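Chemist: Residue-level listing of the chains:
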Amino acid sequence: MKSFIHYFHPLMRIMREREQFLADKNVPEFISDNLLQTVPALIDTAESFDYLVLDFETTGLDVENDLILSIGWVEIINSQIDLASCKHHYINSKSQIKPVTAVINHITPQMLNEGESIHDAIKALFNASKGKILVAHGCIVEAQFLQKYMKRNFQLTALPLLWIDTLSIEKHMAMSVNNPDIDLTLATTRERYNLPEYNSHNALADAVSTAELFLAQQKKLQPHNKMRFGQLYKMSQ
Amino acid sequence: MPQSLLPNIMTFISQIDPFDKIDKAELRELCAHVKISYLGKGEKVDLDEDDKEKSLYIVRTGSMEQRKTDGVLRARLGPEDLFGFTFLNSDVNDNEGYYATAIENTLLYLIPHSALQTLFKHSPHVAEHFASQAQVRLKSALDVVWSNKEKGLFLRRVGDIATGRIAIVTADMSIRKVAHEMRNVLRTSCAVIYKDNNIVGLITDRDMTKRVIADGVSVDQPIEDVMTASPHIIKPDDLVLHAASLMMQYNIRNLPVVKDNKVIGLLTTTHLVQNHRMQAIFLIDKIKYAGSTSVLASFTPERQAIFEALVEGKVAPETIGKVMTMIMDAYNRRLIQIAIDKLGPPPCEFSWIVAGSHARNEVHMLSDQDNAIVLADSATDNDKIYFKHLANLVTHGLDRCHYSLCSGNYMASTPKWCQTVSIWKAYYKKWVANPEYECLLNISVFLEIRTIYGNADYETELRNELHSNIKNNREFLSSLVKDAVNTNPPLGIFNKLVLEKSGENKKTLDVKKYAINLIIDLARIYGLAVECDLSATDERFKAANEKGVLSDDSFKNILGAYKFILSFRFNHQLVALKQGEEPNNNINPDHFGSFERKHLKDAFRIIADLQEAAKVRFGSR
Numbered sequence: 001m002k003s004f005i006h007y008f009h010p011l012m013r014i015m016r017e018r019e020q021f022l023a024d025k026n027v028p029e030f031i032s033d034n035l036l037q038t039v040p041a042l043i044d045t046a047e048s049f050d051y052l053v054l055d056f057e058t059t060g061l062d063v064e065n066d067l068i069l070s071i072g073w074v075e076i077i078n079s080q081i082d083l084a085s086c087k088h089h090y091i092n093s094k095s096q097i098k099p100v101t102a103v104i105n106h107i108t109p110q111m112l113n114e115g116e117s118i119h120d121a122i123k124a125l126f127n128a129s130k131g132k133i134l135v136a137h138g139c140i141v142e143a144q145f146l147q148k149y150m151k152r153n154f155q156l157t158a159l160p161l162l163w164i165d166t167l168s169i170e171k172h173m174a175m176s177v178n179n180p181d182i183d184l185t186l187a188t189t190r191e192r193y194n195l196p197e198y199n200s201h202n203a204l205a206d207a208v209s210t211a212e213l214f215l216a217q218q219k220k221l222q223p224h225n226k227m228r229f230g231q232l233y234k235m236s237q
Numbered sequence: 238m239p240q241s242l243l244p245n246i247m248t249f250i251s252q253i254d255p256f257d258k259i260d261k262a263e264l265r266e267l268c269a270h271v272k273i274s275y276l277g278k279g280e281k282v283d284l285d286e287d288d289k290e291k292s293l294y295i296v297r298t299g300s301m302e303q304r305k306t307d308g309v310l311r312a313r314l315g316p317e318d319l320f321g322f323t324f325l326n327s328d329v330n331d332n333e334g335y336y337a338t339a340i341e342n343t344l345l346y347l348i349p350h351s352a353l354q355t356l357f358k359h360s361p362h363v364a365e366h367f368a369s370q371a372q373v374r375l376k377s378a379l380d381v382v383w384s385n386k387e388k389g390l391f392l393r394r395v396g397d398i399a400t401g402r403i404a405i406v407t408a409d410m411s412i413r414k415v416a417h418e419m420r421n422v423l424r425t426s427c428a429v430i431y432k433d434n435n436i437v438g439l440i441t442d443r444d445m446t447k448r449v450i451a452d453g454v455s456v457d458q459p460i461e462d463v464m465t466a467s468p469h470i471i472k473p474d475d476l477v478l479h480a481a482s483l484m485m486q487y488n489i490r491n492l493p494v495v496k497d498n499k500v501i502g503l504l505t506t507t508h509l510v511q512n513h514r515m516q517a518i519f520l521i522d523k524i525k526y527a528g529s530t531s532v533l534a535s536f537t538p539e540r541q542a543i544f545e546a547l548v549e550g551k552v553a554p555e556t557i558g559k560v561m562t563m564i565m566d567a568y569n570r571r572l573i574q575i576a577i578d579k580l581g582p583p584p585c586e587f588s589w590i591v592a593g594s595h596a597r598n599e600v601h602m603l604s605d606q607d608n609a610i611v612l613a614d615s616a617t618d619n620d621k622i623y624f625k626h627l628a629n630l631v632t633h634g635l636d637r638c639h640y641s642l643c644s645g646n647y648m649a650s651t652p653k654w655c656q657t658v659s660i661w662k663a664y665y666k667k668w669v670a671n672p673e674y675e676c677l678l679n680i681s682v683f684l685e686i687r688t689i690y691g692n693a694d695y696e697t698e699l700r701n702e703l704h705s706n707i708k709n710n711r712e713f714l715s716s717l718v719k720d721a722v723n724t725n726p727p728l729g730i731f732n733k734l735v736l737e738k739s740g741e742n743k744k745t746l747d748v749k750k751y752a753i754n755l756i757i758d759l760a761r762i763y764g765l766a767v768e769c770d771l772s773a774t775d776e777r778f779k780a781a782n783e784k785g786v787l788s789d790d791s792f793k794n795i796l797g798a799y800k801f802i803l804s805f806r807f808n809h810q811l812v813a814l815k816q817g818e819e820p821n822n823n824i825n826p827d828h829f830g831s832f833e834r835k836h837l838k839d840a841f842r843i844i845a846d847l848q849e850a851a852k853v854r855f856g857s858r
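Chains as they are written, first to last, in the numbering used here: chain A, 1 to 237; chain B, 238 to 858.
Treat the hints as calculated values from the structure; they're not laboratory data.
It cannot be assumed that every hint is accurate.
Within a straight-line C-alpha distance of at most 20 Å, the following computed EDC-like cross-link-like pairs (lysine to aspartate or glutamate) qualify [to be verified]:
1) A:LYS226 to B:GLU341
2) A:LYS219 to B:GLU302
3) A:LYS226 to B:GLU280
4) A:LYS219 to B:ASP444
5) B:LYS414 to B:ASP444
Computed from a predicted structure; not experimentally measured.
One chain only, chain A, in its complex shape:
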């Protein structure tokens, strides 16, 4: 009975999807390398894994028409955010920038011209996240843009990445106390946790902000015991 329930746990499901994905498709090495690495078990503690917390700045939320402007990430190793691992990539994609958004996000045309190619950045991201779990605040944006990139460049669909979503976790917690109208933006959420005010609109700053929030959420969820990874993952759905 127990194993039957486990079978439908989202974590088990993604594991099966991964196996199938790697078996079915001709996957570039940097992607398959990454996907082969992490296989968390349901009862593993959250702290036994390393995480890569990332944030994309995009020109908008329309995954078909909008573009990635920058990618920032930071690693959590042994439950500590390591600023030495910070990376911030400005993506060179001058032809497709909507000037209006670029102004809002404080990204100048120079930055975009001088930035690197999306291919290098994504490759670096996959290399860095090898052996780590991906974390984002509202990971749907990052997941969709990554998916679009994979489809366009490698004809890969349904990339079975393992995401922890701090926004989702926050929403689940709000629901469980009957408070569905809560503001779930990163800045406001951090305020509720009494985390310091960081200026946003910077992919790296948001990645670090999200990483801190992620650590804080775990303490809130399990103030006395060790957090199980399975629970975090379930709440991320």
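Please arrange chain B on chain A, whose structure you already have, making use of the hints.
Modeler: Then chain B, alone, in the frame of chain A:
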């Protein structure tokens, strides 16, 4: 960390002492290695774990508590506070283990040891700010406050300012030849005279006028007939302050600066007066010639100006204490002379003895008077009436000069404290034998005594009596310890309140009661334990250290703490004076910066540690 970096984190760190002293590029490099950790309420950081890399922790949000392994609260930390410091250096042995617990959810920035090491390698001067031991931190604190450039003349060495030229002649040269050498060759007012390669005398142009011209001495005679024999000399490494007091004491204007029997310069009064800080010298001079108490009383603003100049000039606190003591001595002596002029010569031998901070050479702007008279055993009842009048004149005179009367009546004008040397000896015997509350209070005032007028032998006699009594009653020291550790220093300044060990919060810090007095008490205990004749707090600790009773670490720690707290109080008094307020010992934590808070916390801990050590070493079980 990439260029875009994280201004938030860097800005936060850059405003915290000592990171505010690092240049931006180095700080950015350091911030790139920061690790961030989040502790849930109740979670512990074990600072003693061997396998992990040591780090310096900065509280970003939340609060932490540090406790010793036996659970005793050591410190409470809020945003901007640092901890984990003392573990950076593996050869530090003075720290028993402690652990830190989050008392609310806490975000911590960690700076790994390796990143700090890299920083120190590139900029060695930064290392001192991060020194692992509190003593070095406190010392660096003093250095920050007193920049080298600013160090007053008092701190400078004679060699730095003695630029005067001096003629060098031999004892058999004629007066005329010496005068020629001085006037035409070197154009100096002073010549030093050698005989067999030793300095035997000094001659100045004033001496020439007085001893040669006025007395009609032939200029063909050898100079040794008129020179000042065995002149006072000074070493280039001596403090300018020392030179100044020598000049005043012996009323001399020229001091040859001598190193290894070689004259290398001349220090004259002109060198000293070129700097306004030597006002102290002029004031003492004026005091010496003041004709009445009211004239003396009129000097108070000048005395205050000197105090302010010393504090503002970042002069070492123990030096400030010494200068203020020299001034107070001068007032006191002059008042005794004025009283004697009025009452006639004293009917018997006596000595005017000062006690407490005055005896320890630790006078400050708030010091009141503690004094006594010791009379020869031959003193009659009538004689005592004379000294009662004398004491009244002097103590009230001091009061008019703003050295307020002692609230505990520990003054020569109290009959009990104007007694013959035999009675004084009996006092000491009784105090040591019965160290109960009142006796302890009396003896703690008169444990330090210093003669400033009259027969100094009495002082020695009384001190010997005290030491031999203490030797015969070991219980006495433990009573002193028991009394001294009754008061504990606060744990620190937290949320603008002074956190005391009892858990109580106070709005102000009584820096005298909760810090300075505790250190003085400890110095007294250690000083008595090694029969140290010196009474200055720092000298007592030094004596205890030299006799092996106080470890090198503890010695440096307590001295650093003492100096920091003294200068902290001086600055507080200065601020009050400048605002036209009466200075006091109660300091409002609102006025502390992050810098002071941290160093005060260190100092409090050092005091508490030494109290513990004294309890173990001298306390009775």
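Chemist: All hints, please: hold or fail.
Modeler: Consistency of the hints with the structure:
1. A:LYS226 to B:GLU341: Since the Cα atoms of LYS226 of chain A and GLU341 of chain B sit roughly 18 Å apart, the hinted pair holds (cutoff 20 Å).
2. A:LYS219 to B:GLU302: holds (18 Å)
3. A:LYS226 to B:GLU280: Holds: LYS226 of chain A and GLU280 of chain B sit about 12 Å apart, inside 20 Å.
4. A:LYS219 to B:ASP444: Distance of about 86 Å is beyond 20 Å: violated.
5. B:LYS414 to B:ASP444: Cα-Cα ~15 Å, so holds.
Of the numbered hints given earlier, the model fails hint 4 alone.
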